[in-house]
Structure formats: C-alpha cells, structure tokens
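Protein chains in written order, with our numbering: chain E, -17 to 336; chain H, -17 to 336; chain C, -17 to 336; chain W, -17 to 336.
Calculated from the structure, these hints are not laboratory results.
Values in this document were obtained by computation on a predicted structure and should not be read as measured data.
Incorrect hints may appear among the rest.
For identical chains, the list gives no copy identity; a pair is met inside one copy or between any two copies.
Result set (BS3-like, lysine-lysine): computed pairs, CA atoms no more than 25 angstroms apart in a straight line [stated by the list, open to error]:
hint: 1; residue 1: K56; residue 2: K81
hint: 2; residue 1: K336; residue 2: K81
hint: 3; residue 1: K250; residue 2: K95
hint: 4; residue 1: K250; residue 2: K336
hint: 5; residue 1: K57; residue 2: K46
hint: 6; residue 1: K165; residue 2: K81
hint: 7; residue 1: K57; residue 2: K250
hint: 8; residue 1: K57; residue 2: K95
hint: 9; residue 1: K236; residue 2: K57
4 protein chains.
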Amino acid sequence: MAGNIFGRILRVSTFGESHGPAIGAIIDGVPPNLALEESDIQRELDRRRPGQSAITTPRKEEDKVEILSGVFEKKTTGTPIALLIRNQDQKSKEYSAIKDLFRPGHADYTFLKKYGIRDYRGGGRASGRETATRVAAGAIAKKWLEGENVTIRAYTKSVHTITTETIDFDEIERNVIRCPDPKKASEMIALIEEARKEGDSLGGVVEAVVSGCPPGLGDPVFDKLDAYLAYALMSIGTIKGVEIGDGFSGTRLKGSQSNDAFFMENEKIRTRTNHAGGILGGISNGEPLLVRVACKPPSSISKTQTTVNTEQRETEIRVEGRHDPCICPRVVPVVEAMIALTLMDCMLIQRTIK
Amino acid sequence: MAGNIFGRILRVSTFGESHGPAIGAIIDGVPPNLALEESDIQRELDRRRPGQSAITTPRKEEDKVEILSGVFEKKTTGTPIALLIRNQDQKSKEYSAIKDLFRPGHADYTFLKKYGIRDYRGGGRASGRETATRVAAGAIAKKWLEGENVTIRAYTKSVHTITTETIDFDEIERNVIRCPDPKKASEMIALIEEARKEGDSLGGVVEAVVSGCPPGLGDPVFDKLDAYLAYALMSIGTIKGVEIGDGFSGTRLKGSQSNDAFFMENEKIRTRTNHAGGILGGISNGEPLLVRVACKPPSSISKTQTTVNTEQRETEIRVEGRHDPCICPRVVPVVEAMIALTLMDCMLIQRTIK
Amino acid sequence: MAGNIFGRILRVSTFGESHGPAIGAIIDGVPPNLALEESDIQRELDRRRPGQSAITTPRKEEDKVEILSGVFEKKTTGTPIALLIRNQDQKSKEYSAIKDLFRPGHADYTFLKKYGIRDYRGGGRASGRETATRVAAGAIAKKWLEGENVTIRAYTKSVHTITTETIDFDEIERNVIRCPDPKKASEMIALIEEARKEGDSLGGVVEAVVSGCPPGLGDPVFDKLDAYLAYALMSIGTIKGVEIGDGFSGTRLKGSQSNDAFFMENEKIRTRTNHAGGILGGISNGEPLLVRVACKPPSSISKTQTTVNTEQRETEIRVEGRHDPCICPRVVPVVEAMIALTLMDCMLIQRTIK
Amino acid sequence: MAGNIFGRILRVSTFGESHGPAIGAIIDGVPPNLALEESDIQRELDRRRPGQSAITTPRKEEDKVEILSGVFEKKTTGTPIALLIRNQDQKSKEYSAIKDLFRPGHADYTFLKKYGIRDYRGGGRASGRETATRVAAGAIAKKWLEGENVTIRAYTKSVHTITTETIDFDEIERNVIRCPDPKKASEMIALIEEARKEGDSLGGVVEAVVSGCPPGLGDPVFDKLDAYLAYALMSIGTIKGVEIGDGFSGTRLKGSQSNDAFFMENEKIRTRTNHAGGILGGISNGEPLLVRVACKPPSSISKTQTTVNTEQRETEIRVEGRHDPCICPRVVPVVEAMIALTLMDCMLIQRTIK
C-alpha cells in the first residue's frame, strides 16, 4: 500500500533512491517463453539516460541493467524477473547544501511531512531517477506487446508555446527533442537552449499513439482503460494532466460532432473519426489509442527563488547541479513504458474473460 | 480484477445494471463509531438524481437508498456497509429498438467485443446509472471527512464555450447547472436548452476545490495522490481528461513561474501560489487541492446518426429516450464522491505510516 | 483491507449481520455466458440452511436468494453478480440478555477490543450466518467448475472420537451428518443427540476430495495452491486446523515413504500414491486434491460457564438460543464453497500464463 | 497475481532462483524511523543458512545480505527496502543429470505443466532457497515488532515419532535441532543421523508461540488472523498442515471443555485456558498465539526411487547432492519470519481502524 507496486496481473515492484547504491524492479507475472535479453532492456534505458544530448542533464549515468532472475537460456520462465541498475554518478555533496531547505516545486517538504524523515541526497526516492526502473520494466512489456502486434509511439507534441504541426513517426528519434515535426523540433531546441542559459526551464506536452490495440481491453466502472492509463501516466512525477482522445478540447464539441460514427471497412467495424481516442465506455474499440500528457517545467532551476528552511525560516535558494531544462524528450520513453505496462496487464486480464 | 472494486484500505464494490432489479454497493473499511443514517446518503443521491431540473433527463428515479448492514444504533460498526437502491422507472421496451444497433459514443460495441454478450437494456452496466452507487458510497466518505475538517466542492466550470468568471461557492447549489457564477449560469442554461431542442448535447468542464486537506497524503512513485485522483475521476464514464493544478496550461509556463514559493504564515509553511494544485511529488502539501475534469458531450442524442448493426450492416440510428443534454450538473456530485473516496482512503493509509 | 473481500481475479465481497435486514455478496469476475439461475444457488443454500434436520439448530431461515445483477436472460454477462438474502427469523430479544457479557469461545470480546463497538445481536458480523453468502457465491463457482469437469465432495470424516471407516460418496447426502460411512453416521448422530441433551457440543473433522483438478494450478512461493486453500478454509469461523494430503500424520513418515512415485498410466503421468494430496511445490499435479479441516466444538452451549462482563466483573453465563450441537454437517457445503471459489480463481489466473 | 508478493499494507516482493545470479526482496510499507542495519538481517539469515551444523546440508552459502534502498543513516525512510543476496555455491552441473527427470515429491513436473518451461538447476524458483528472502524480510518485521513488545519463538516440536516433552525457550538455540527439550533434542539428532546414513529423510512438527500480541489483530470473515497465518505458513514449501491452538486434537473435546473461560487478572481480561490459541472469531484476544505446522520429510533423498522422465518413460532416480535429512531446524527461522510479516501487516492495518 506504500505505492511502489504497479499493476494487477502483471505487477511491478520498484525500489531505489537517487543516491543509494542501486535502483531496480521486480516484474511478476510475465508469461513464460518470451525471448528476453539484457540488450532488450538496455536499448530502452539508453533512450531515457541522462547525458544523451546537449539539451538534457549532463549527469553521467550508464544505467547498465543486470537481469538477476526469471530468465533461463534467454527465455522468461514465468517466475519474477528482477532487474538491477547500480548508481554511479552520485555527487551527493552537491546536495548537502540543500539538506535543510525545501526546494520549491520539489517533494522535499511533502516527504518530510509524510515520513518525518527524508533522504535529501538528490531527491532520494522522489528523484526522477526512479523512472529508469519504469523504463526497464516497460521494455519487457514492449517486447511482449510486439508479439501481439501492438506498437506504442510517444513524442514531444509541444514545448512551451511551440506545437508540432506535422506528425512523421520516422522523425521522432532523429532529433534530440523527440518531435515528429523536424521544423518545429529545431524551434523547440532553440527555445530550450535559451531557457537553460537563463537558468530556467520549460514545460511541454507529450502525446502517444498506440496502434494494433485489440478491442475489449479495460474493465467497466472503476478499471476503465482510460482510468488505468490516467493513473499510470499521472504517476510520473512531472505530469499534471492527462487527456484521452479529444480530452479538454472535446468539451467544446456537440454530441453530434463528438460521437464517432461506426462504419464497415474490410469487414471490420471501425469509426470514421476518433474523438474517443480508441476507448468507448472504458473499453478499447480497436481504433488507435490517443493519449496526451502535460509535463510541467522541471522544478530544478538555477535562478534564485524564495523558500523556507527546515527551521521554518524564510530564505533564498539556488538549485545548483546538473538538471534538465525541459524533460519532454526523456519523458517520451517513460510514457511509452507506462502505457506498455498498462496494456500488457489489461491483455492478460482479458484472457481470464474469454 | 473485473473492475468493480475501488480503493485500497477503503474498498467499494458496486453492482447493478440500469434496468435490472437494483443497484448497490458494499463499502468495506469504514472505521467504527461514525454517526451514519440513510438521510446522510439520500441527501447526496438527491443531488445526482435524474429529473431534478428542466435541464436534466426527465426520467423518474426516486433513488431511495436502504442501508443493509454495518450500521447499528445509527453508528458504523467497522463491518461492511451495504447500500441498496431498487430500480424503478425502467422503460426497457424503449431499448429493444436498439438491441441490434451500436449507438455511436456508447459502449454497446465494446461490451459485445469484450464479453460476447450484453445486457442492452438502457446500457446495462455501462449506463451512467452506476454512478448513483459512487455517490452513495461517497456520501459516507464525505461524512467521515467532515469530521476531519476536509471539505470538497465541485462545480461546473464551463459548458461548451461559456466559462465561469467568478467563483462564489454559495451560488453553486442555487442554479440548476451548479455554476459558481450566477451570470454565466444563465448563459449556460440557455445554451443547454437550445442544444436540447436540436436533439443535441454539450460538453463541459467540472472543477473541484478541496480545502482542509492535510499534508502527507499520497504515496511516492505509483500511488501519487494525483495519480489516484486521475484514476478515480477518469473512471467516471463521461470524463476524458483530468488536470491537477495548472494542468495543461502549466506547460506554457517557465519553471521560475510555475514553482510555488514557500513562505511562512501564522507559523505554518505555505506556498504563495498554487500552480501545483496542492500536490508536490505526489503528496499533498496542505494547500487546497485543485482538480479539473473534461466531460464529453453526452452520447445519447436524438439527431439521426450513421452506425452499424450487430449483423455488421451500415444503418441509421436515432437514440430516443430521456437523456441529459449536458451532464455537468449531475457529474458534480459524482466528482465530489470520487474525490471523497480517494481522500478518505489516503488518510486511512497515512495512519499506517506514523 | 477490512477482510470482507475474497479472491484475486474472482473477487467475492460479502456483507451482513446475523440480525440486520439482510446478508449478501457481490461476485466480480465471473466470465460471461455461464448459464445461471437462482435455483442453482438455492440448492446449495438449502444444504447449509438451519433447521434442516434434528441435529441442527431449529432456527427457521428460509435463506431465499435473489439475483440482483450480472445475469441477463439466464446467462452471466461478465458484470458483477449481486446476491441478496433477507434475514427472517431474528429473535433479537434473546440476545439482549447477553448484551453486556462476553460469551466464552465467541468473538464478543475481540470485536469490542478491535472496534470499540459491537452489534451484539446474534453475534452480528461474527455469526456463522455469514457463511450463507460464501455458499451462495460458491454455488456459482461450482456451476462454473462443473463445465470444467472439476468435482468437489466434502463430508464429515469424524465427530468427536468417532471416525469414518469407509468412504462411499453416494452415502453422504443420505444421512443428516453427511458422513460417507452409514454405520458410523448412526453412531455420530447418537453421540450428537447425547451432547445436545447435556447442553454441550462436539467437534469433528471434515474432509474434501476434488477430482478433475487440472495440473498447473497455484503459484510458486506465496500463493501456493495449498496456501490459498488453507487461507480460504481457515477463514471459516469454526475451523482451527487445515491439512493437505497426509498433513500432520505425514510428519511420521520417511521421505522414501512420503514421496509419491511417478508412473505412466494410459499415456498420462500419474503418481502411485497421493501423500502430497495432489499438490507438489504448491502446484496441482492432476491427482485428486485431498484436504482436511478441524472444526472446533460450537462455542454456543447452554451449560453454565464462567465469564466476565463489559464492566470487567466476573460472572456466569448460559447461552440460551437455538444452536448447533455439532457444526460438521452444515460446514460441509461451506468447505465445498470455499474450495470452489479458490479453484475457480486459480483456473482463471492460470489462463493468464499460457 | 503470480504469487511472489506477500502482504497487504506491508508488501514483500521476492525473486530469485537457486542457481541464478542472486535472490532478493523488496519490502514496501515499512514505517519510517525504524533503526535498521544489515547486521539485523544477517543475524536471522545465519540461523537459516545451510551448512550451519552436522545435520543440515553441507552446502556453503554465505547468504550475505546487502541493503540497496530505503535506509538512510541507519534508519528506514518509509520507502521500499531492497535486499540483495548473491548466490555463491552453485554446483549446477550436479543438476544436469536430473534435467530430464521428474524428482518425486519435487515441483519439477508441476512447474513444467504450469509454465511449459523450467529452470531445472537446483529446483530453480521452487528451491527452498527462496525462503532466505522470507527470513531477510521477516528480520525487518521482527525488529519492528520488538519495538511493539511482540516476541515470536518457534522450535522443533517433534521429529518423526519423537516429541518434545518440556519447553524451555532458552534451550532452543543451544542444540542444532532447535528443540526446547535438551533430552529429546539428543534423541532427535540421533534419529536424523541415522536417516541420513540410510539416504533417507524425516519429517517433523514446528511450533510457535507469540507473546505480547495485542488484542484486536485480524479481520472478520475472510482475513481472520488464523486464516492469514495459515496462508503465510502453508506457503512455505515443506509445510502440509497448520493448526491454531488445539487444532485437530480440539475436535475431540466438547464445547464445555474447549471454550476458554474469561476471568480478571490484574484488571485485565484474560482466559483461564488457551485452547483457542489466542484467536477468537479470527481476532487476537491478547493471550499468546499458538501455532503448529507439519513439515513433510524432505523430498531430496539419495535412495533409489522410481519415476518418469520428460519423454514420459518410466525410469529410476537417485537424487545426489547435498540435502537436509530433516528440515525442521532450518524451518524454525522461516516460520518466525512468516509470522512476523503477518503480524506486522495486521498491526499496521489495525491502525486504520482506531
């Protein structure tokens, strides 16, 4: 109940602090006989890794994953898969300066109120570093979903006021902001560079499209597919909003505009539009899933801010260290991972119904 | 795992189809010695009930609740509280016309794909009628939260293109759209009347403010308070988007604008702004919680639509019956109920930490 | 977490006090398209009902079940099945005499210590009456298991010092003690009659044999099939011991005697003996499951006992009322129900693996 | 749902195969500010370790534990505690001989039927080696329970036909069979030596007494304290029976003998006898908890046995390797660990009620 286990049939337990010896995950419920090697996981981790480009934090974490169990002769056995990532580039001293300060926008204050104690080094458990274990676990789900012909693609939709105008999936991994519109990508990168020079940071929107999702996923009432996706995605620290299909803009449509008309195509039931984002009544309808998340601007900025210390005195703070001026490009693989874990879980649950 | 149980310590199991004999809920985990009577629950059900005003469905459901267990001499005993609501105004015949058609925007098609069978009468389990059991369960949570000085207030923030400009909590229950701005309320009502005459429907945004929420609620990583709220709210059938604090508009801020500066007020640590919506790192910080949800326009409209039937032939449909042209005023108590259940659950979990 | 929900994929939530208006259950996760009528459930309830013979309590409870949801045109739809049983023969006045006393062997004292309040009428939630909802839910599981060719048969193995010597399944329902050995049945019944005249009660052992259980059920480590059965059965109020296969007597064997040798029979792998009770390493091996439970003598006896009252004064008590002198014959259907719920749950989980 | 997570508020996820790189556990839900060091855990692991005496397996596993997270400056922080134990003495070659054989009494056959694949090296996940992670996790629970004045003591009650006659807790750790009766301990050890020479193995009974358990633990209906203990203990691979209090012998008592009379002692309500083993109606009553488990004779014996191979041919097998002729002394710390995890979980849950 302490919040570190995700999923129902497929259950992911994660652990680890930013500056402890290691982070990792146990993934329980992966069906046997899935081909799996460390390189399958490493590939995804490398997409999330710090230091991968000029616009991400220059921290050096190799994020080298080790599989400790659940795989025998390069196949899953049905038993829990444990993944271990040793921490490396911990400059804990940098953080002792902020030991007694509550960084605005961070969880320093709330952790202390919750637990009465906190591991202040690099944000401890509240560090975005925990998302590496999501990506590692999600890589297994992605591998499994490949075999089911489900493909998840996330990308940066907007940075601050700049929004993607075209969507070419092939472009996503060709630019460091992971934007499917190369022209807008350049503008975004320039804006981020500028913010970094100011010691400031920028927010953005990440969008994901899932193709090949079979109809029938998600459960009525509380465990609707949209609800589970919202839960999965909003649990990523930086995310403060989730939309399915039209989301908020759909509230300005009429029912006659918003309802997606059914029609027949190649003997399959389809919808002419996809305002619903592929989910009707909480259950997937076979159309692509469309999901959008709001990433707040990273809280770690080097501009001077006013705050309070643990002695309850007002003071000033400058968060030094090596931070991301815009988290979108590194959130992309995390979003994909959380969607993958959610969908795999839903597909396994659906097997119990038929 | 079939999606009809909500919560972790406080667990709500619901049942019931729109046109079956009854709907109801079991609420397990309510602490003993809470004063509770049927009237506490009835009051909330009456706010959600159909037929309450000119702009809601004219269906006549008394929604009379009976407490079957868990209460002895007007106090909870710690054992499960079962609530029963008999269905009354079921005009099932109206629905036999659509027995073989998939209504656009509804779950008819997806239920059939999921289960291979469906109770087509009035939407069956997929009917918005199930939200009555959420409101009934939520009424108990609200009663309990009152004793903890937590107050939840939801209201219609916008209908279609009309948005509230002022917020006066006292106005909310004074108009049938439950808008805190009486001037805008009138405009909204007029627009809804117009849509109804056209046989169409309108979407809108509902916002909620929670005051008195103590710091420390929510768990790091997967069970962040924002994640649990998003899950709880997105599970309401009509909702397709959830925002915490600034949500999507916050993506157009810089970190220096978005971070809420801490300061001291009356020896308490507070923040000068509340962009974070009262949640930092997934844990409540003691500021008011701010949540916003996107309600799509109701799918039941009497305008002619194109669709497909169960024989996979294209055809036309007009959804007759008695429907809501805008669901916002009736979603307001449902949103409050889901927030109440979430917060009560989190407060009980927090007791295990200290 | 308050203990009133059983199961993982198949989840049963129950409610109800002995002397409240009703008891009931919600069963979530039953696959769609199972033929189901009230009579399927009533048949099992009648086997558990009070007043069914001279050696059970003469209380008159019709235990008439009503299906409130989840069944449409005599088939399950995949949505939650709610079952309601109204209470009838409540002589609550009988209990006001013991309102301030702690009955030895009962949960009066422990409920008060746990909750600080108790519904003293007839034991409230702690009454054996709650097992009616287990039997009702279990009847659905039994119906489903029939379709999978799994048969569960429980019977009274011993009463006090008298033990069954022969096992003829056809005899079980022919005598009121539900003993598969007609000769021993008569002796058991005579002994029970004697105990009742003394105002005393007798314990006994109930045994169950499951045939047709497929190999592969149960999960390694914590959720072994034996562990889940032990949990399911020990949760029945009267049960204080559970054995799988040889159980305690197996501790007096050597490994060379206890290991069941594998051999081939009709191209199937079988074991020559079944000391393991059909479960190896927590997973069913295809042999019959063998389970035994210890039922303590019922705590309600009319003999005078010494006890303490709620004022903490020592005093005497005679538990008047209409009680069972030996609970075994009425526990038999409860044991079958709990095994059925456990196995159905395990079979649904096993579907997620293949 | 794959069976590798134990508990409700306190949740333990374990992983690891006998001959993989490592085994370990994540313990989520430990309250913050508990003093904890690796030595607290190592002490318990050393009690379970192979090679600790002449009557246990001579395998050499140092079982050195490393804390990877959740502890900061020697105190728990409330975040998940990950424990890692690297495997060392893996003689995997020994097992390639039995790669294609199903060892009688082992899970080789059932794992293959369940998963269609198995890691045959040393039993893989089905190896008793997984209990090291239970002991490690349980050590944390024991440390926490110490602070609540709860003490758990388990010991060997019987080996084969030899049963303890006196109980002196101080004797338990003074002999290698962990028997509280030094005279019987010597007899047990002699009998085990004899069995080992024959290439055979012996079963036994382990008993546990918990003192200081507060009243109010356990939940009515499904999650009774006895049910949770039975689940926890029966999940240990070697255990095939569980009794609470009198257990099976109590079925030969009358109600008037079995009911524990309440009386007053030092202004506390107590019972004069403890047939109920400290649990009434599934809830602890403040008396010592009494639990007994049946350990089957270890399945690994070097005597020749008949069996079947993976090609479904009948054949013979001799299980070479380094095995325990009687598992009781090494099960003692595992039983204590599982009881500790169960009680700590129940105590945390009880906090949500008051």
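Structure versus earlier hints, numbers of those that do not hold, lowest first: 6, 7, 9
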